[in-house]
Amino acid sequence: MSAEEATINPDGTTTFEDTTGAADDIPQADEAGADDAGAGADFTEEAAEEIIKGTDPALFLLLAVVAFAVVFIVLRIRRKRASADVDDFFSNLDGDKFNLRLPAAVDEYYDVKAKAEEEGWEPGQAAQGKQPSAQHRALAQALMKRCIADIPIVTFIQRESAGMNKLYSQSMCSVKQWKSYQAAEAMVSAEVEEVRAEADEVEPGWSQVIWRQAMQYHNMLKQKEEQAKQAAIAQQKALAEKNRIEGEKQAAEKAKYDAVKAKVDAEKARIQNAEKTAEELAKQEAREKDSKNAFKGVKKGFLG
Numbered sequence: 053m054s055a056e057e058a059t060i061n062p063d064g065t066t067t068f069e070d071t072t073g074a075a076d077d078i079p080q081a082d083e084a085g086a087d088d089a090g091a092g093a094d095f096t097e098e099a100a101e102e103i104i105k106g107t108d109p110a111l112f113l114l115l116a117v118v119a120f121a122v123v124f125i126v127l128r129i130r131r132k133r134a135s136a137d138v139d140d141f142f143s144n145l146d147g148d149k150f151n152l153r154l155p156a157a158v159d160e161y162y163d164v165k166a167k168a169e170e171e172g173w174e175p176g177q178a179a180q181g182k183q184p185s186a187q188h189r190a191l192a193q194a195l196m197k198r199c200i201a202d203i204p205i206v207t208f209i210q211r212e213s214a215g216m217n218k219l220y221s222q223s224m225c226s227v228k229q230w231k232s233y234q235a236a237e238a239m240v241s242a243e244v245e246e247v248r249a250e251a252d253e254v255e256p257g258w259s260q261v262i263w264r265q266a267m268q269y270h271n272m273l274k275q276k277e278e279q280a281k282q283a284a285i286a287q288q289k290a291l292a293e294k295n296r297i298e299g300e301k302q303a304a305e306k307a308k309y310d311a312v313k314a315k316v317d318a319e320k321a322r323i324q325n326a327e328k329t330a331e332e333l334a335k336q337e338a339r340e341k342d343s344k345n346a347f348k349g350v351k352k353g354f355l356g
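In this text, residue positions in the sequence shown follow my numbering: the first is 53, and each later residue adds one.
Read the hints as simulated data drawn from the structure, not as lab findings.
Heads up, some of the hints might be wrong.
Said to hold, decoys possible - Here are the simulated lysine to aspartate or glutamate pairs, EDC-like style, with alpha carbons at most 20 Å apart:
| no. | residue 1 | residue 2 |
| --- | --- | --- |
| 1 | Lys320 | Glu332 |
| 2 | Lys276 | Glu293 |
| 3 | Lys197 | Glu253 |
| 4 | Lys197 | Glu243 |
| 5 | Lys149 | Glu237 |
| 6 | Lys197 | Glu169 |
| 7 | Lys306 | Asp317 |
| 8 | Lys197 | Asp159 |
| 9 | Lys315 | Glu332 |
| 10 | Lys281 | Glu293 |
| 11 | Lys341 | Glu331 |
| 12 | Lys320 | Glu331 |
| 13 | Lys197 | Glu245 |
| 14 | Lys167 | Asp252 |
| 15 | Lys289 | Glu278 |
| 16 | Lys165 | Glu245 |
| 17 | Lys197 | Glu277 |
| 18 | Lys218 | Glu237 |
| 19 | Lys165 | Glu255 |
| 20 | Lys165 | Glu278 |
Start from the sequences, fold in the hints, and give me the full structure.
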């Protein structure tokens, strides 16, 4: 489209000039923007290519080595941590569970036995007559005490035996735990046989029944302990109930006393208020009477 420019001359005439060419020489805004964008894109790609070309390949290799080292260290730390957790698990599982010790009654029995031998008692010597000797009776009591004291560790090993053998057969327990269990089992087994041997020395044939008797006595003692425990609990409950009842009784008595006191105080206050009111009324009447008398005196003086 052609464009003409109007020019006003001094004499008032008007002339027109074609400005189409000039308009064509001016670039459009869209075209300029597109050209600038293309130039910017070319500059960015060229700059990136120059930077990449100018980078030493050894740097990429170094970065790859560093990344690999970081990943390796992280994985190794995690693996060590997992291994430590497993070791801690087995270590905690081992613990002191099988670090068993024989009861003090074992040494006490041998002390009694040594004293009995010094007094003339001989192993395997049966009781003479209906009344056993003092040494025989003391030995029998000491051995039974020892056997009863052994019951907890014997029952513990019996209870753990099946589970430990199953764990070991399935490789689910540590070597340390298995060895600790074996040592505890061997110690308890040796103690059981030793008690039987000592029982036959105290009373021939006693080894056949001593452990059964010890278990019965042990259960009886546990039952007595449980009964004593329950009795103590019942006593504590009874004492607590007694204290509660006494507390409630005292609270009720206090509430009753407070109610009576409040009633008495209220009556005293009422009487005091009534007396005060009566006193004020009397004073008011006296003032009114004095006022009337004064008024009469004034009136009389005024009229007289």
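These are the hints, each one checked on the structure:
no.: 1; hint: Lys320 with Glu332; in the structure: holds, 18 Å
no.: 2; hint: Lys276 with Glu293; in the structure: violated, 25 Å
no.: 3; hint: Lys197 with Glu253; in the structure: holds, 16 Å
no.: 4; hint: Lys197 with Glu243; in the structure: holds, 14 Å
no.: 5; hint: Lys149 with Glu237; in the structure: holds, 12 Å
no.: 6; hint: Lys197 with Glu169; in the structure: holds, 19 Å
no.: 7; hint: Lys306 with Asp317; in the structure: holds, 16 Å
no.: 8; hint: Lys197 with Asp159; in the structure: holds, 11 Å
no.: 9; hint: Lys315 with Glu332; in the structure: violated, 25 Å
no.: 10; hint: Lys281 with Glu293; in the structure: holds, 18 Å
no.: 11; hint: Lys341 with Glu331; in the structure: holds, 15 Å
no.: 12; hint: Lys320 with Glu331; in the structure: holds, 16 Å
no.: 13; hint: Lys197 with Glu245; in the structure: holds, 16 Å
no.: 14; hint: Lys167 with Asp252; in the structure: holds, 18 Å
no.: 15; hint: Lys289 with Glu278; in the structure: holds, 16 Å
no.: 16; hint: Lys165 with Glu245; in the structure: holds, 17 Å
no.: 17; hint: Lys197 with Glu277; in the structure: holds, 16 Å
no.: 18; hint: Lys218 with Glu237; in the structure: holds, 15 Å
no.: 19; hint: Lys165 with Glu255; in the structure: holds, 13 Å
no.: 20; hint: Lys165 with Glu278; in the structure: violated, 32 Å
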